[in-house]
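Between the sequences and the hints, there should be enough to build the whole structure, so can you do that?
Number of protein chains: 2
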Amino acid sequence: MKRVVAFVLSLSILLSLPATAVRADEGMWTFDNPPLKQWKERYNFEPTKEWLDHVRLASVRLQDGGSGSFVSVNGLVMTNQHVAGGQLAKLSTKERDLVKDGFYARTNAEELKCPDLEINVLVSYEDVTARVQGAVKANASDKEANEQRKAAMAAIEKESTETTKLKSDVVTLYSGGEYWVYRYKKYTDVRLVFAPEEQIAYYGGDYDNFTFPRHDLDVTFLRVYENNQPARTEHFFKWSAKGPSDGEFVVASGNPGTTNRLLTNAQLQYQRDLGNPLQMQVLSSRRDALSRFAAAGAEQARRANSTRRSLENSIKRLESQQAGLLNPRLFGKKEAEEKALRAAIAANPEWQQAYGSAWDQVAKAYGGLPKYAKRIAFSSIATPSRLGSLASTLVRYAEEIRKPNASRYDEFRDARLEALKVNLFSPAPIYPDLEEAALAAWLEEGQKTLGNDDPFIRAALAGATPAQVARQVVTGTKLTDVAVRKSLFEGGADAIAKSDDPLIALARRIEPVYRELRAWSEENIQSVDASAGQRIAKSRFAAYGKTAAPDATFTLRLSYGAVKGYSEDTTLVPFKTTFYGLYDRAESFGEKPPFDLPARYREGRNKLDLSTPLNFVYTADTIGGNSGSPVVNRNAEIVGLNFDSNLQKLPNRYVYVDDEEGGRAVAVHSMAIIEALRKLYGAEKLAEEITGAR
Amino acid sequence: MKRVVAFVLSLSILLSLPATAVRADEGMWTFDNPPLKQWKERYNFEPTKEWLDHVRLASVRLQDGGSGSFVSVNGLVMTNQHVAGGQLAKLSTKERDLVKDGFYARTNAEELKCPDLEINVLVSYEDVTARVQGAVKANASDKEANEQRKAAMAAIEKESTETTKLKSDVVTLYSGGEYWVYRYKKYTDVRLVFAPEEQIAYYGGDYDNFTFPRHDLDVTFLRVYENNQPARTEHFFKWSAKGPSDGEFVVASGNPGTTNRLLTNAQLQYQRDLGNPLQMQVLSSRRDALSRFAAAGAEQARRANSTRRSLENSIKRLESQQAGLLNPRLFGKKEAEEKALRAAIAANPEWQQAYGSAWDQVAKAYGGLPKYAKRIAFSSIATPSRLGSLASTLVRYAEEIRKPNASRYDEFRDARLEALKVNLFSPAPIYPDLEEAALAAWLEEGQKTLGNDDPFIRAALAGATPAQVARQVVTGTKLTDVAVRKSLFEGGADAIAKSDDPLIALARRIEPVYRELRAWSEENIQSVDASAGQRIAKSRFAAYGKTAAPDATFTLRLSYGAVKGYSEDTTLVPFKTTFYGLYDRAESFGEKPPFDLPARYREGRNKLDLSTPLNFVYTADTIGGNSGSPVVNRNAEIVGLNFDSNLQKLPNRYVYVDDEEGGRAVAVHSMAIIEALRKLYGAEKLAEEITGAR
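Protein sequences, first through last, are from chains A and B.
Read the first sequence against my numbering and you will find it ends at 694, with the numbers running on by one and no gaps.
Read the second sequence against my numbering and you will find it ends at 694, with the numbers running on by one and no gaps.
Pairs of lysine-lysine, PhoX-like flavour, derived with a Cα cap of 25 Å:
| # | chain 1 | residue 1 | chain 2 | residue 2 |
| --- | --- | --- | --- | --- |
| 1 | B | K421 | B | K90 |
| 2 | A | K158 | A | K186 |
| 3 | B | K592 | A | K242 |
| 4 | A | K49 | A | K185 |
| 5 | A | K100 | A | K679 |
| 6 | B | K100 | B | K113 |
| 7 | B | K607 | A | K679 |
| 8 | A | K592 | B | K242 |
| 9 | A | K90 | A | K100 |
| 10 | B | K564 | A | K592 |
| 11 | A | K607 | B | K607 |
| 12 | B | K679 | A | K607 |
It is worth saying that the hints were derived from the structure and are not from the lab.
Next comes the structure, spelled out in structure tokens:
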């Protein structure tokens, strides 16, 4: 039985609220616009500017796709094991599996350098809305306007980078209602300090993922270095000795990835009817390919594990999000919201003139998307394969770098090239057997979906079978060698053109298809998204004021709420679990995987105080990307480490799931981390660094 | 969020099965017709006749409304604390609260005699269908047929009682498709040996009731005596040292109370639209009255506790049952079933002639019920009040006993008089303050529902207010004195007529109303139920054969299935819990009631092996009345003690909820009982009696 069915039904309750109300604890707020009114009214909390600055500067973004925080003055970073999982896998070998067995460096010298992890701290930000929007010439078409805005954004990023020496990104907020330049201090020497066994970080596996009660010690410690020394991080979070109490106000400071709460009905309908099912096909076919590969043996399973876990996570999340969209009441609510906004706009002739046509413009644009959607989804070899991604990037870079900065694809703007090189030249291991299997399965799925006459399939297969192509390019390529990649990168278009690497040849063949589809998409979808989105955003500001937070953009946000249990079915779910619960679950399943315990836990149970809290839930509005967010109390002390949401919360990509609905963020309790470090891992020194706040 | 919503939706899965299929593990089977085929096919289990006889003779029925079993040769009976709860309350005083504090008799001499508990063992049974059905004269009206059948049943019971000296009940099975006489050995000297604190027997209270995972030590031990000595019970269950393993075949042998799976659509519709809502009003108003009374203080709460708990249990169960009926798919399935059966009958002219009109007859009869339903529900003072029940019984008895045995109300047949006297002359305490509050609230609810012109209200109130009437009769009555009740019982109609006891006077005033309504009901509903029910039962036998078990009738049945967890939402629920889980739940709620622990458990946790299993689930088809049923393995050893169902299972009053739907019976694990007795209660002697099988 799927609770999600009950959930989407019960959304009817929240659907009765007025369209414009910001509900309790809703919102992923930018630091320039924290929800001070709500904090004051609901929690009697009034942070100082210093508090806000401190929280921001002690919070970090991991470019692998998660959040973290500084927890000592010596550059110690806390995040989730599953956020660090990619680096753990890259640091692992057949002989030393850091994912499975965990890791602890007793000295700085033992810390392991992550192959390609970049960590960012948001140092400053600035509103550049006027400049970006002002760059659009009068009477520009949507396509031209899109190009003009992009050129302005590229120029702002380049100037800011040169002036401040900080990594500078222009961020689009409120669907284009605002543009901000965010400037980051960047750490690229990041070393692994501690990781637990995956089996305790991800206890219960895919079954327990997105559920509560939960029993995961999903924590990893990293350390940022500068000049080969631990960086001195003045802004770090102190540790709460007791963790959160029931009902306590807490803040999660992190980088939520994507929400789509401001989408128009046409966009939502597209997601529901085609976008999400297509995405599910992409994820499922990749997951299935990796499962088949992993079934061949333990080492194969190890190689596939990290990506497979990530795919399973995405699939489970997508299922619940889609269930939300398929709920007629939720969708009806979204329709009612849009109708109300459009009516408010129509009632004011000036507004109607400026914004009134935006919704129909979006609907028209998305009406054209189904024809291209499958092609866009499958016309790439970068999605399933690391080697495919490297080859495509090298081929594309050689072309893009010849253009002026303002005209390039976003990801090749000057300000982004540093990050690009970190990725391209990463020494992380590449497994040809895994690459071949994943690429072959991907091309098969593409062939099945697009047909043999499709331009991508024709270019990619060139008459051969998917298996033959995958075998040929993976066996023949030299791109596993970082030096070869550097040479092609530096050799430019000429080197790419002359390369006889079969994978480069494949990337060259499919590049025109990719560019055609991207051009179509930028002209027909992105331009409209930007143009109409901006007008709709302005219409919302006009009708309701700036009362809501912008959709998530994998940039730093403040989420907040209360530590609080909830009711489920006819009983209560407490706000926390304890180590007792972990041992109950393991015993109750007879330690059948994925409910088995690492040996350290089985043998060490008598060392633990089992009443120590393990995980807890709280009402904050978070989403994927918030993994690893510090959960802090009003003294800015760490009380927990965000790592998940419960199932009830998952439709929050499209609509905020509030307290009464039982939607909750899930965190590791601060006491559990210290208890385990001290009693099970002999990591007294690390525990001391955290709690002693040295 | 209510999972029951998800549940009733997901019933769509089971609804796709053919109408006539008996699903896996379905059925509460009579001992004359055990599901040997299913046991053999599904579990490769072929019991001997001795096995079946032994299980039957070691199983008992508690007339308080539950099941139990002999677990030693010395008359030791195991049941649930909540089944024995009424007796525990009756044995309690303000100073000695056996419900709250539990009880353990270290010697036989310390065992406490229950005031009015009768325990039955099914010694033999005999098919009397031919005689009962044959008693109906040709061309008898339904009313006459009903009377003729009842007269036959009374005669059979009387003969059997006189011949065998055994308590003999004629049981109606398959809605009248079969009649059997069941003969019981009867124990009326029943003594309390052990009960745990209610807080551990009912851990989590109403919240956790009907949920799983669960953590209840819902056990009580009694002992039957004969001639003031522990009875020698040759047939008793031996104890399994290990309890059940995952997937193991088990049998629950107990007395399920009521199922309604053979109801016609018209009857179900009546239940859904009027019967259940009315029942909910009755239960809720009584519960609310007791809650108000209990709020006055600890002693008041103690006095109200037992009944209140029982009402809460009924309310929670009724909510889920009603949710099942309100599910259009479930109802549609029931409609499809009936349509298929009627079509099969219509296809055979002989069948059509004999049975074809039965459904319409039922529909017509139930069409008349709404007019009387509220009156029938509220025109009684026995429902809310023990004193009211005593007075009504005395008044009614005096009238009935003057009639020939065959013509009396069922409950006054000669064969039932012994049980009647046990009840009437019970020395159990009666609390006038509680009686007055409950009666006043009941009359108020009745007045509100029926109006002042209603015959019952006019007779009951006689112009006064409900509070005045309740005050007057409870203050003035002498029925709290057993001797007074005996005197009125023996005095017959004359004594009743002359009594100036105000409660007897009230009972006399309302008796004509009661008799009018009962006469209407017997003539218009029960007669039709019996007549049409019998024809429908025969039509089922004709069309499908005797493939299904009869509806539950609070007589001994065999339920069976596998010990097995299930999936819920996206994760798995293991088949068992452990003491770890109990401590997790207590800690996670900070021991906030009803999740607090008895002091013995809080202080004694280090004495326990926390990995000891506490509760488990299995797939057997059970329902209220099965509480206290022994759960035995194929060696007829006790592996558990049935005490509940999970929420998913509750609509099984109307439709079997199968394995795949997650419907489960819930039992106390045999190991938990021994672990607690030995480690926490110092009840080594009792543990030895059970496990040593002395």
